[in-house]
Amino acid sequence: WILFESGFCCLMAHPNATQKLVLQPYVDKKGSLDQAGAKEKWKTLENAIHHIFQQNASSLSFQHLYTSGYHIILHRHGDMLYTGVEDTIRGHIDKERDKVLNQADASFLESLLQHWEKHRTAVNMIRDILMYMDKNFVPNAGKLPIYDLGVKIFGEHMLKNPKVSGKIRSLTLTIIKAERSGETAPQRLLLKNLTKMMTEVSKREVYEPILEEAFLDDSTDFYKVEAQNFFSSSTVPEYIRKVLKRLDEERDRVERSLDEGTKEKIEDRVKTEMIKEYKMNLIEKESSGCLAMLQDWRVDDLRLLYECLKLINDVDPMVTQIKRHLLQWGLKFVVDSDNVKDPILIIDGILEKIEQYKDLEKRAFSIKEANNKTVPDPTFQKAIQKAFEEIVNKNQRLPEFLSLYVDSKLRKGKSQLRDEEYDIVFEKVLVVFRYLREKDVFEKYYKNHLAKRLLGAKSSSDDAERSFIQKLKTEYGYNFTSKLEGMFQDMKVSADTMENYKQWVSARGKKSPCDISVHVLTTTYWPGGKSPESVQLPEEVRLSAELFKQFYIGSHSGRKLTWQYTMGTADLRLRLPASTRPYDIIVNTQQMLILMFFNDKQSATFAEISAQTSIVGPDLKRSLLPLVHQQKLHSPILKKPQNTTIKEIDDHTVFTFNEEFKSKCMKIKLSQVIQKENDDEAKQTRQKVDEERKWQLDAAIVRLMKARKTEEHRILVLELIKMFQGRFTPSPDDIKKRIESLIEREYLERSKESRSRYNYLA
Amino acid sequence: KNLNRDNRSRSRTETRLTEERSTVMSSYSQRRAISDFKNITSASDAIARKVLQASGWNLERAVDDYYANRHKYPAAKLGDKKKIAKIFDKYMDEEESTDELFGEALFNFLSGIDVDPEESVSLAVCWKLNCTEMGRITRDEFVNGFSMLGLDSVKAMKTEMAKLKSIFNNPREFKAFYQWLFTYCTEDKRKTMDKEIAVSMWEQTLPSVFPLLKDWLEFVNENEQLKFVSKDLWNQLLEFARDVGDDISKYDEDGAWPVVIDDFVEWYNDK
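Residue numbers (our numbering), protein chains in the order written: chain A, 1 to 762; chain B, 1001 to 1271.
The shape of chain A in the complex, shown without the other chains (with noise of 0.2 Å):
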């Protein structure tokens, strides 16, 4: 027989046996132990464990112990054993702690800490004794394990024994705090260890109770302290800084001093006493807030306000803030009546402000995402991009602003650009157009424009103004540039016609009396001229329009050419008497005009020249003007009284041809300038651009009727509405109105069923 410590005997084989190998229980053949011989041999196992928490164990004979357990828990004494054994720890508890109680302060943790230790050795040298009861009693029991019923009664007695863990609690919160302000050298090794003791023994039941809670609501007491203090005495960007010097201090003391779960409870607390707290006052703080860094423009600052609230995840304050002081600016901006005299200086004016809050986007509103690329912060870009749409449509000529804007870039001039800058211009100006919501204004104004730099080859580059065009292509689509399109095409084929007047003039032996260029415009490209009926040409002119018209009719049969009388250019030369030197002199068809009816004439008021060549009020003052203008270069052509202001002028006054003309060069160009318009052209041009959006909407209707055969009322408008998003924006009220005026004219009915439902009427 032999005794294997598994304390199972096995059955040898005898080489000459027959019977199989057989494990059975060992039954000591001496009979059954009884009540009083178990209590005998526990008397020696009590006694070894005293012997072991003394730490005296060296006499003790492991076998002999071991047996000893066996013994007893074979004969089914286990219950007397595993409380025996849970007694004695607890005795031995109650009696070390009083011993630590007994500590002074300065080493009471530290005593704490080596009686843990102490218990834990001792703890697992009972355990190895009563292995058998482990391994064999202790799961069916459904009891602890001795080393975690070791584990347990220190928690349960020791550790959280009011007065241990009160102390425990003071001592380590001193400690702390010493910590914080930096007074002794902190502890770390020594609150590390006590967090592994305590979260060996039971984090929920040891660790967080006694030690984190303590700590987190220390910790709060401190911040709010903290906070004020550092508030009153620094400006914003200081105090955000300690603040993320603490968070960091603090998340290190976890690290190295605590549990790890109570990093983020420890920042939460910080967050919520140190920003969420004064996040209202970190944003409105007189001198250092928010506002102050927007009109110092630190961005620096307002990058680190930004990560401190985005820290508690609400950024959305500090971007209402902002977007305020955005609006501030620029809704008195766009309608300042200085600024409104220069339209340029107004959409530079927004340029610059969207360039500034772009750099201020990437520079501190954006967020960094995993794959290491940042992206805009999304409550930012949106508050911006809201601000930016308000300020551009706050002033209604701001479509014609822009479209002046574009012409002064495109024009031929002084500041002309070089090729690679057009496209950063364009860039920059798709920007406030996406902002604008009346689109067809602009597109009404760039069509104005536009047709006077193309008539007049004022044009800097016509590669730069198709790209231009290819880019609100691009955006908007063919229907909002098909227009510009085909004035480009009709230039084009206006050089070829001319080439063929000429042969076809040449051909055929005659003679213009004066040379002509003629553009043929197609009616619907171009903006319709509110050119007179009939114009008293002058003979030549008048000859060698006819002509021409001889010759385009002649060709194109069935076209209906009428003259444009307000969109071109005419070069005359000027002789005087006094003077040698002929001038070339290069003006408007309208000044060339009023200059030929000087021709036989020495002078003439107001009202004969308006008679004379049909042209009314305040065009034919436009057209005077550069007449009468001392120019550098050159004295005026035409003379208007002293005493007559140029707003005095009216039906009466006078104008006389300057016999003294000098000029310093030869040739003259009266150029001029596109100017934005008075207001009471601002009117008609909207009144052009409301009729314009009636009939659009008559015909959007129709189509969708047509389509529909029949639709609710409430269906129709919205629709209407999306349909025309980005050209403008019609209220219910105007898309009402042209309703009502298509049942009038019997396109649409009201449904005989349901009143708010229109039928299409075929």
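Hints may contain errors.
As the list claims (entries may be wrong) - On the chain B side, residues computed to face chain A include the following (Cβ under 10 Å):
id, residue
1, 1139
2, 1140
3, 1188
4, 1191
5, 1233
6, 1235
7, 1236
8, 1239
These are computed hints drawn from the structure, not numbers from a lab. All C-beta atoms, glycine included, are put in the ideal place defined by N, C-alpha and C.
Since chain A is already given, all that's left is putting chain B on it; use the hints.
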């Protein structure tokens, strides 16, 4: 498979049953519709059947159609045209015209059949005769109209016309009458009615229908941009009058009302 076949045969039986039921039902519902129609319009059986058939047995549509096209559905017994012409001759003023009743002659005729010419009922008489021009009844309209109505004596006219007041209490009949008024009051195919005429018509016809009539008229008179009344506005006003209650509380902003009515609501609420 068996189950499927069972299902199929059962569903076939069901279809047949529903078909049978529907023919039974429809003849039953047709009879109901005819009696309902007669209750509303007091038309004859034959006309009720004819109108209902034309409108696909939709009672609502049939009633509207009947009122809007009264002249197409003559009375069972036509009036004697000669007798009616004699009545016309009696009232006409030879010095003015032998083909039309207007002015004093018309006044006398209306008084003669106990209709107060000053009251809106007189308009209803013109509606019954399907007159086309305001303030006059032509001989043709007079003779054909009364003949269709089956009235060929002054006495018969009196009793029938006395019933006319009831149209103000019959919403469907009134709607047809009201919508007819627009055409009646506009000259030669014009698409709008002069504001002054519209106002006077509203004054005469809407008092019992439109609780806010006074406010409406005040608004219309104040509104200088409104010079003409479109057919749509005219028709929708009656719907509006019936829909919104005494204090506009039931007005729906998105209810596709003509803009003038929206403006009225705004004006009324401001007031």
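Mind listing which of the numbered hints don't hold for this structure, in increasing order? 1, 2, 3
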